[in-house]
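Just so you know, the sequences run in chain order A, B, C and D.
Oh and the first sequence: position 154 is 154 in the numbering used here, straight run, nothing missing.
Oh and the second sequence: position 7 is 7 in the numbering used here, straight run, nothing missing.
Oh and the third sequence: position 196 is 196 in the numbering used here, straight run, nothing missing.
Oh and the fourth sequence: position 12 is 12 in the numbering used here, straight run, nothing missing.
These aren't lab readings, by the way, just hints derived from the structure by calculation.
Everything numeric in this text was worked out from a predicted model, so none of it was measured.
Even for Gly, the Cβ is constructed at its ideal location relative to N, Cα and C.
A portion of the hints provided could be inaccurate.
What the hints assert, rightly or not - Not the full set, but computed from the structure, chain D residues with beta-carbon under 8 Å of chain B:
#1 Trp33
#2 Ile136
#3 Ile137
#4 Leu202
#5 Pro203
#6 Thr222
#7 Gly225
#8 Ser226
#9 Ile245
#10 Arg249
#11 Trp257
#12 Ala259
#13 Met266
#14 Leu271
#15 His283
#16 Phe284
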Amino acid sequence: MNESLLSVRDLSVTFGPRGRRVSAVDGVSFDVGAGETLGLVGESGCGKTTTGRALMRIVEPTAGTVTLEGVDLTAASGRALREQRTAMQMIFQDPISSLNPRRRARDIVAEPLDCWKRATGEERRRIVEELLAQVGIDPVAYGDRYARQFSGGQCQRISIARALAMRPKLLICDEVVSALDVSVQAQILNLLEDLKAEYGLTLLFIAHDLAVVKNISDRVAVMYLGRLCEIGPADTLYDAPAHPYTKFLLGAALEADPEAPRRSEVLEGEPPSPLNPPSGCRFRTRCPFATERCATETPELREVAPGHQVACHFPLTLARPEGAPA
Amino acid sequence: MARYLARRLITLVGIVIIISIGAFYLIHLLPGDPATVILGTGDSPQNRARLYAQLGLNRPVIEQYFVWMKNILHGNLGTSFISQVPVWTTIRAALPIDLEMIVLSQILSFAVAVPLAMSSAKRPDSWLDRFLGAFSFTMLSIPAFILVVVLVLVVAIKWAVPHTGVSSYVPLSQDWVTNLESMALPSIVLAIGSVTVYYRVLRSDLIATLQQEYITLARSKGISQRRILWRHALRPSSVALLGTAGVNIGGLLAGGFIVQYLLDIPGLGYTLVNSIGLSDYLVVQGIVLVVSIGVIVINFVFDFLITLVDPRIARE
Amino acid sequence: MSDETLLRVREVTTAFDTPQGRLTAVDGVSFDLAAHESLGVVGESGSGKTVLSRTIMGLQPRRGVAVTGSVRLNGAEVVGASEGAKRELWGRQVAMVFQDPMTSLNPVVKVGKQIDEVLRVRLGMNRAAARARAIELLEMVGIPAADSRYGAYPHSLSGGMRQRVVIAIALAGSPQLLLADEPTTGLDVTIQAQILNLLDEVQGRLGMSMILVTHDLGVVATRTSRLVVMYAGRVVETGTTRDVFARHRMPYTRALLESSPKVSNPSHTRLAAIPGRPPNLLDLPTGCAFAPRCAYATDRCRTERPVLEPADEPGHLFACFNPLPVRVGSPS
Amino acid sequence: MSSSLELSELVEEATETPDGRRLGVLFWVCVGWLALNLLAALLANVLPLPNPLTQNYNVINAGPSLHHLFGTDDLGRDIFSRVVFGSRVSIEAGLGSMVIGFGVGAPLGMLAAYRRGRLDQVLTVVMYVVLAFPAIIATIAILSFWTPRTLLKIVIVIGVAAIPLVYRVIRTATLAVATQDFVVAAKVQGASDTRILVRELLPNVAPIAVSFLLIGVATVVTLEGSLAFLGLSVAPPTPSWGNMINESRTILQLNPWLALFPAAAMCLFLLALNFIGDRLRTHFDVSEGKL
């Protein structure tokens, strides 16, 4: 792995009043190397979105540290915090609600520049037009349109342009393509890959769609009920999942191929309530391999292969005989 | 549900206490000596002495409040220094008239507004809907006092309907025919105001509800449109209606004075206006307190009705 | 028409009157559906797939809609039928599973009562029998503790559970045709798999026909025998699921297949994105609606509208002037 | 999604400007009428109108004529002039109290909805309690004993009573906007709270505020009229619509013009306010719902 740009240690977020406290994120740690894309995948309510927001401190973490290039982001406040935030940027799930409907595309993209008085007049105009052109929005024809006049895909492009205006080091993409049609989704994914190369970006790509996450990520982290289950290189993790949850998740993914085997192993039941999570391993209530130990002892992330960590007492890869097909 | 109600009940009590402080403290907010304000035209040395004894005006304000509160809890709102009648007696005579007026007008309003809103929502933009929309909008912009003036002119004078005065007012228990005759006009005036509001609120919510997916699902079961409207659409659409009705009925209790005053109905509002004219402070204070508490209780009742209609609300 | 044919759709066109003009959401769609068969209808937003499913049921809004053509369900014509006549079909012959389980259940009615309604109003059961049957249905769709869930309000159930309830409502009248409109779109992958398996299982068990409407080719790949691919309100390709996946001739079908990422592909596989955006139904081009986004479009495509013509395989049709050559092997 | 909702989506997808809906001719007629009223009230002193207080016993209870457009009252005063001057009381009371209500309630409502947390909790509880106190009764009680009565006092009492109502409406409206992603996006770019309130929230809340303000003015005009009936508004002989209608009651059959013109002026004024407010609300609500 490259030198890590972002380092997250024991990040926890809890919501709600006493007695009804929800532990949305519980002791999550990971690193993102400079120039790499980390995919964060999981089902709804697993805490992936909260993790992304806690990194930017839109949601205040209750514990843990977030370090970007050696600077502790959890310590800053006020103007310092606002200034630090510009090194990270975020793109959201709902492209329409991400843009203020009463502002023009041009001004939306210029907003970060105006905020920090980075550019004015001719320079501001040049930067904005360059950014818009780069994300595939013709600045001359569309620059003066209001946000509400754009389609979902176009809105997402404008959001990306806005996020790039401050030349951030890290881009957090939170379900950025899940509201889009397949054809538009592919356009945005390709655009992100291109911009990543051009700007030397580091990406944290949060999504529920396994195929999308694999497509864009170098490494993938899987979350379940507020905790990390497994983290590893995308191809290895998909070929040989070590955590039973990852295996079931992949088994449930639908392949657009009529010849694909119809996987019969379906994960039964539904995730338990985060209000009252199970003791020990949080997946144990639905895990067919769970034992006594899983209920009493919380599994920590440990390495099963170089760069591949899993939080399970009985990882699947170790249980298999050497050389078995993945 | 029980927890939600208990919480609401606690807030209710809290607000009543705060209101009682407000009603009590009103006198100290007004410029001038409280004794002069209270006695108004009934000023005399004896009255002054009695007032000081009754309220302990020379004692600290906080103590005065507790004396006052203690009296109220014993059903003693004081005795008017102008009419020499206990305030509670005056209020007890007037309150049933307000209640009757409100009950009559509300029965009438719901009976008219709900079917009208349904027929409008069934076919939005139909001629009926457009007509009702324009009509309700016009009625909404006519203040009650103008409506009363016009109605009195048309009904009471042109059609020679007996125009009962305060002196000829007969309680319901004595002679219900005469009573209803005199209550018809004020109830209709209040109902007209309520119908326009209820119709508009329910219509727009019904239209929104009828576009919901669960209505399409209900249709896809093959049940009749009538059943869909009454069983599936009305209940989820009536949350705002009930909220509005709670506020509106409270408003009728507090704002019915204009109709009562113009039509000579001796309810609370009429008494209030008269007492203001006589500067009978204790009666005004008593009515303010009773009406305030009434408004809060009505709101509480309607909040409760809303939780019955929509089980999701009590959960939040 | 063979007696095996349950549903016969011919030249169905659904147009809406909007303030901006006439919007043709479904344009001349024809297909047949045999008893016990499952058919997938695939398309992106604006392709008319949802409007088509509602037109088949006759469930469109009462005003501002013009439907022409013919939809025959078990011989009964749906297009132009009175609301009363359609009501006879709804619930008993055809039932629907809706897209969003969060909004398709009445929030103020207990879930048991919502199932009861079909049984009591349509099947004339008494209260006790309806209750017993409703609990049976809840068990059948895999709801644990069905007895106590009978009295639950929808808001206390998860999305997956609600969708099971919606399926139970649809099954209550033992329909012959089940229309599932994006039944798993808002659900998590593991729950999606559960619901799709459930639909599959009840369809087989009750011998129903099913139309599965979706934007996701993964949903229909292994669960339908035939496919209809729609674009801008028209059918652009149809055939057996295998033929459409492996031997598609219409460039849009290929684009749809290749633009969605696959779990089996290595990471950073470049996606074949379709340029442009889904068509504007109020302002469709004169020729092929896909022509502005198509790499193979010629002048003819831009002026003349292609009609469905047969491919080599039986039942496989496509609408394209410049069809793709048949590739050997599967597309992946 | 129901068919009709899906339809609106299709239409939106198909048309580049969903906001292209028109406000309609009637809307602009109402705006014009309102403008005319305001202008007349503003210029009443400059316009060639007879003095509204001058009594002329030669022409009492006269019907409309070229000389007296709306006729005269029982003291021979020109009704047209009194209607025009009387509008000042209504307009001043309506606008004045809304200036107080919005001046205090709107910023607090926006701040509470944006900041949330403790500030929001405290403010909302305080406003809830004030709101529970029936405003009409409180207004009457205070005005009846706070003598001598002036328009300023009426404006202050009604204005203060309006604060919690305005607070609640603005808070709800802001809340709907403040939870949108574009506000989070602004935060992420490092925008300051002031900048977010002014640049992102205000433009989206303002249309709702304006429509509510107009309906608020209409409510206050009605309330002021009611107060006049109780003798709690400005004292005669100063003309106000409420005073004029009240005075006319005793001689209604003798001179119906006396009631008709101020009543018509008031109703049309209210109708215009309500119509504009309502139209603006539906106009913006729809696009707000699509945010």
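Status of the hints after comparison with the structure:
1. Trp33: Constraint on Trp33/D not satisfied, violated at 12 Å.
2. Ile136: holds (5 Å)
3. Ile137: OK, holds: Ile137/D within 8 Å of chain B, min 5 Å.
4. Leu202: Given a least distance of 27 Å, the restraint on Leu202/D is violated.
5. Pro203: With a closest approach of 25 Å, the Pro203/D hint is violated.
6. Thr222: Hint on Thr222/D: holds, closest Cβ of chain B at ~4 Å, below 8 Å.
7. Gly225: Result: holds, 5 Å to nearest chain B Cβ.
8. Ser226: holds (5 Å)
9. Ile245: Result: holds, 7 Å to nearest chain B Cβ.
10. Arg249: holds (6 Å)
11. Trp257: Trp257/D check fails; min Cβ-Cβ to chain B is 13 Å, beyond 8 Å.
12. Ala259: holds (6 Å)
13. Met266: holds (7 Å)
14. Leu271: holds (4 Å)
15. His283: At about 14 Å, which exceeds the 8 Å cut-off, the nearest Cβ of chain B leaves the hint on His283/D violated.
16. Phe284: With Cβ-Cβ at 15 Å, over 8 Å, it is violated.
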